[in-house]
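Q: When you get a sec, could you build the whole thing from the sequences and use the hints?
One letter stands for each residue in the lines below.
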Amino acid sequence: MVRFFLKQVMSGLLLTVVVTAVTFTLVFSDGSGIARRVLGTNATEEQVTAKVHELGLDQPVVVQYGKWLSGLVRGDLGASYFTGEPVGAMLTTRVPVTLAIVTIALLLTLILSVLLGVTAAVRGGWLDQLLQVVGIVGASIPNFVIAIALIFTFAIAVPLFPATGYVSPDVDPAGWARSLVLPVMAVLIGSIAGSAQQFRGAVIDVLRQDFVRTLRSRGISERAVIFRHVLRNAAAPGMTILSIQTIALLGGVVLIERIFAMPGMGLLANSSALQGDIPAVMGCVLFTIVVVVVVNLLVDLLAGWLNPKARLS
Amino acid sequence: MVEIDRRAFGKGMLGLGFGAILLGAAGCTSQGSSTSKGGGSKVLTLAIDDEPGSFDPAKVSSGGSVVQLWQACFDTLLRYEADGTIVPNAAESFTFNDDKTALTLKLRSGTIFTDGAAVDAEAVKASLEHMKSGGGSDSSRLADVTVTVQDPLTVVLTTPKSKGLLPMFLCLAPGIISSPASHTAADLATNPVGSGPYRLDAAATTSGDTWTFVRNERYWNTAAYPYDKVVIRLMTDITARLNALKSGQVNAAPITSQTKAEAVGSGLRVLEHAVNWAGLFLADQQGKKIRALGNVKVRQAINMVFDRAAIVKGLFQGNGAVTNQIFSNVSEAYLPDLVESYPYDVGRAKELMAQAGFADGFEFDLPTITGMDAANPIIVQQLAELNIKVNQVKVAMNQAFQEILAGKYPIVYMTLESRTPLWDIIQAVVPEAIWNLGHVADPALQPLLDRAQTATGEEAKQNAQAINRFLVEQAWFCPWALPTNLYATDSSTTASTYLGSDTPYLTSFRQA
Numbered sequence: 001m002v003r004f005f006l007k008q009v010m011s012g013l014l015l016t017v018v019v020t021a022v023t024f025t026l027v028f029s030d031g032s033g034i035a036r037r038v039l040g041t042n043a044t045e046e047q048v049t050a051k052v053h054e055l056g057l058d059q060p061v062v063v064q065y066g067k068w069l070s071g072l073v074r075g076d077l078g079a080s081y082f083t084g085e086p087v088g089a090m091l092t093t094r095v096p097v098t099l100a101i102v103t104i105a106l107l108l109t110l111i112l113s114v115l116l117g118v119t120a121a122v123r124g125g126w127l128d129q130l131l132q133v134v135g136i137v138g139a140s141i142p143n144f145v146i147a148i149a150l151i152f153t154f155a156i157a158v159p160l161f162p163a164t165g166y167v168s169p170d171v172d173p174a175g176w177a178r179s180l181v182l183p184v185m186a187v188l189i190g191s192i193a194g195s196a197q198q199f200r201g202a203v204i205d206v207l208r209q210d211f212v213r214t215l216r217s218r219g220i221s222e223r224a225v226i227f228r229h230v231l232r233n234a235a236a237p238g239m240t241i242l243s244i245q246t247i248a249l250l251g252g253v254v255l256i257e258r259i260f261a262m263p264g265m266g267l268l269a270n271s272s273a274l275q276g277d278i279p280a281v282m283g284c285v286l287f288t289i290v291v292v293v294v295v296n297l298l299v300d301l302l303a304g305w306l307n308p309k310a311r312l313s
Numbered sequence: 001m002v003e004i005d006r007r008a009f010g011k012g013m014l015g016l017g018f019g020a021i022l023l024g025a026a027g028c029t030s031q032g033s034s035t036s037k038g039g040g041s042k043v044l045t046l047a048i049d050d051e052p053g054s055f056d057p058a059k060v061s062s063g064g065s066v067v068q069l070w071q072a073c074f075d076t077l078l079r080y081e082a083d084g085t086i087v088p089n090a091a092e093s094f095t096f097n098d099d100k101t102a103l104t105l106k107l108r109s110g111t112i113f114t115d116g117a118a119v120d121a122e123a124v125k126a127s128l129e130h131m132k133s134g135g136g137s138d139s140s141r142l143a144d145v146t147v148t149v150q151d152p153l154t155v156v157l158t159t160p161k162s163k164g165l166l167p168m169f170l171c172l173a174p175g176i177i178s179s180p181a182s183h184t185a186a187d188l189a190t191n192p193v194g195s196g197p198y199r200l201d202a203a204a205t206t207s208g209d210t211w212t213f214v215r216n217e218r219y220w221n222t223a224a225y226p227y228d229k230v231v232i233r234l235m236t237d238i239t240a241r242l243n244a245l246k247s248g249q250v251n252a253a254p255i256t257s258q259t260k261a262e263a264v265g266s267g268l269r270v271l272e273h274a275v276n277w278a279g280l281f282l283a284d285q286q287g288k289k290i291r292a293l294g295n296v297k298v299r300q301a302i303n304m305v306f307d308r309a310a311i312v313k314g315l316f317q318g319n320g321a322v323t324n325q326i327f328s329n330v331s332e333a334y335l336p337d338l339v340e341s342y343p344y345d346v347g348r349a350k351e352l353m354a355q356a357g358f359a360d361g362f363e364f365d366l367p368t369i370t371g372m373d374a375a376n377p378i379i380v381q382q383l384a385e386l387n388i389k390v391n392q393v394k395v396a397m398n399q400a401f402q403e404i405l406a407g408k409y410p411i412v413y414m415t416l417e418s419r420t421p422l423w424d425i426i427q428a429v430v431p432e433a434i435w436n437l438g439h440v441a442d443p444a445l446q447p448l449l450d451r452a453q454t455a456t457g458e459e460a461k462q463n464a465q466a467i468n469r470f471l472v473e474q475a476w477f478c479p480w481a482l483p484t485n486l487y488a489t490d491s492s493t494t495a496s497t498y499l500g501s502d503t504p505y506l507t508s509f510r511q512a
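Line by line, the protein sequences are chains A and B.
Take the first sequence: its letter number 133 is residue 133 in our numbering, and every next letter is one higher.
Take the second sequence: its letter number 42 is residue 42 in our numbering, and every next letter is one higher.
Simulated from the structure, these hints should not be mistaken for lab results.
What follows is a list of derived Cβ distance ranges for each label pair: (1) 54(A) x 267(B): 49 to 59 Å; (2) 373(B) x 208(A): 46 to 56 Å; (3) 30(A) x 287(B): 23 to 33 Å; (4) 287(B) x 168(A): 51 to 61 Å.
Okay, the calculated bits of chain B under chain A, using three or more residues with CB under 8 Å as the criterion: (5) 178–189; (6) 196–209; (7) 224–237; (8) 242–254.
It should be emphasised that the depicted structure is a prediction, and the values quoted were computed from it without experimental measurement.
Just so it is clear, CB atoms sit at the ideal spot from N, CA and C, and this is done for glycine as well.
A: The following block contains the structure:
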């Protein structure tokens, strides 16, 4: 298990280096363009040249990347070109917002989609058909449409939750919970719809296998067969879907953060990319990679823990 | 199908249901009162639709909703009223010499910046010079200005040539005064040190999302700002702004023509006025890139191929007025008798193209910014009537303006604000104007442009109208419409529209 863990960590680190290196090469290739955007439209050529030098954009991209990477190791992600604010500090205020939405949505997705998927697979009949129809409908409605409907219903018509904004848990824990309810629900519906179908399929596949029949013939209770054996074997494909859902959630929250005016990573990535604030863009890229790598690692570990065969593959 | 333990399953579902009820119950508690009042103090909460880059006075913008951010913490030397009349502000008086080359400003005594430094002539000089050298979009407005300190409370701004628009510039970003010590501070972009009606409360501010300003008790004119606290929230999405308005989270926000009906239906007050003209800049009037554009008949033909009434109805949802002039319809320069100069007449337009010898049309690149390309189908379709082929070139937002201002494209679709006649002339007509994209100088027009700098009263009006007539007859531009700018406030808040500004200025907000 330790070897398996180390292997996953190493591949995650390699992925981080490769993706950041490629992104860095793409975004840092136009030094004078970056400097001109920072200085404004009326900057003179002399000012642009001085800015390029000041920001170190006249150095080879490999050298610039090396500096960024060494800064990263020291915990220094540079500073915004426009506000001078350290990128680390910018992420500190933004990451909790996005992570709160994604983590809560992911946990609820895991719990609810396993429950719904297992129920549909095991009970079959009208319940299975209903869940499938609901699943297809849920997956086909864009989450921003769901968000607008939720806001209209639960923030304007019946004002239970705030229509926009994010409250820090340090300031008001109850307000924090309230500010997250609608955004989480908006991303949750599509996420559950997709995942529950996959869990259902995985459980049905395992239920058809010979060993399930053998277990039943030995007189083991149906509950033990399902929760101790079937779920364990269905874990690997189910978990893979969850890791894919994480990436989809990270993409989906960009729009959700806009609609709910929440100061998360999605808005930061969007505005910094439009502005050309490259250090902030790199911070956002790094955050996304780290989340994807960590979630994949956790999913692999969980699948490996639940089913030792998965560790070998 | 197999059976699982129904009781266990039932318990699980019950637990989930209970959890959901708990979550809902958390939400059922009070949502937080309206932001208009809190704890007895008056709070104004505004939404802005554009990301502010920096609090560095040299980098702030004179237009857009972001002006409310810097108006909260910085004072300007002069100020203009809703109708464009320029009045004293941080400078208690100002005098302009007859040839508009020397502007003398007399400052108020006893005012200070929030760091305790005095607002004096040296600080004003430092502020204006910081703006000049800062490289921001407004720096060119002061490029030829020399600042001389006459005494501790008097500065004289001189220019080598007449600069009649200088007082107007000093009402906007170029007129911001800020503490000289802050110009070299590391936190210049995030920590504004001004002498405005409010100061930034850093502890209650989340950079890039929410800015909280508390009253600056030392401000010289606190009576003009009735709110004790101003909170400004960034909401780039119109759905978010409208929902925040409807649910009472913000008091005022910019809206769009698509959302006007919903705003009105929700009981919001909607402020409407014309700010911009929308249409084509026929930038290559000298025919350097496209020979045909050097011919006035071709430019007139282009003006006749667009159905302006249909454009107002379709592109602007009926919120606007047709025009063929770059001066707004409330401007002294506007000429109602010219409106019918270029009626929608494709047949006549084709005849003009043929007379000019360009019946086969031409081909050009049109810069296209994703999300700002709603007019493109109209341009492509209508110019095709004249055999003009439009190549839509995708340009990133952050590159587009640099390329457009550098004169890369012969024809550009844009919207441009219209303020006073002189403003519009200096912005888009004089050879060195930013929006005279080809920097065209016409000897027949130049005397009128020179006169515009110094003329006042009736002479200024007649001169501006003569310039307008020249521009329309020579078809320098192809304006289509004056789209109505929309801004909404809740029922407890009032605000005023300002000439040429798409956002009500902070000083105009009041409780209803």
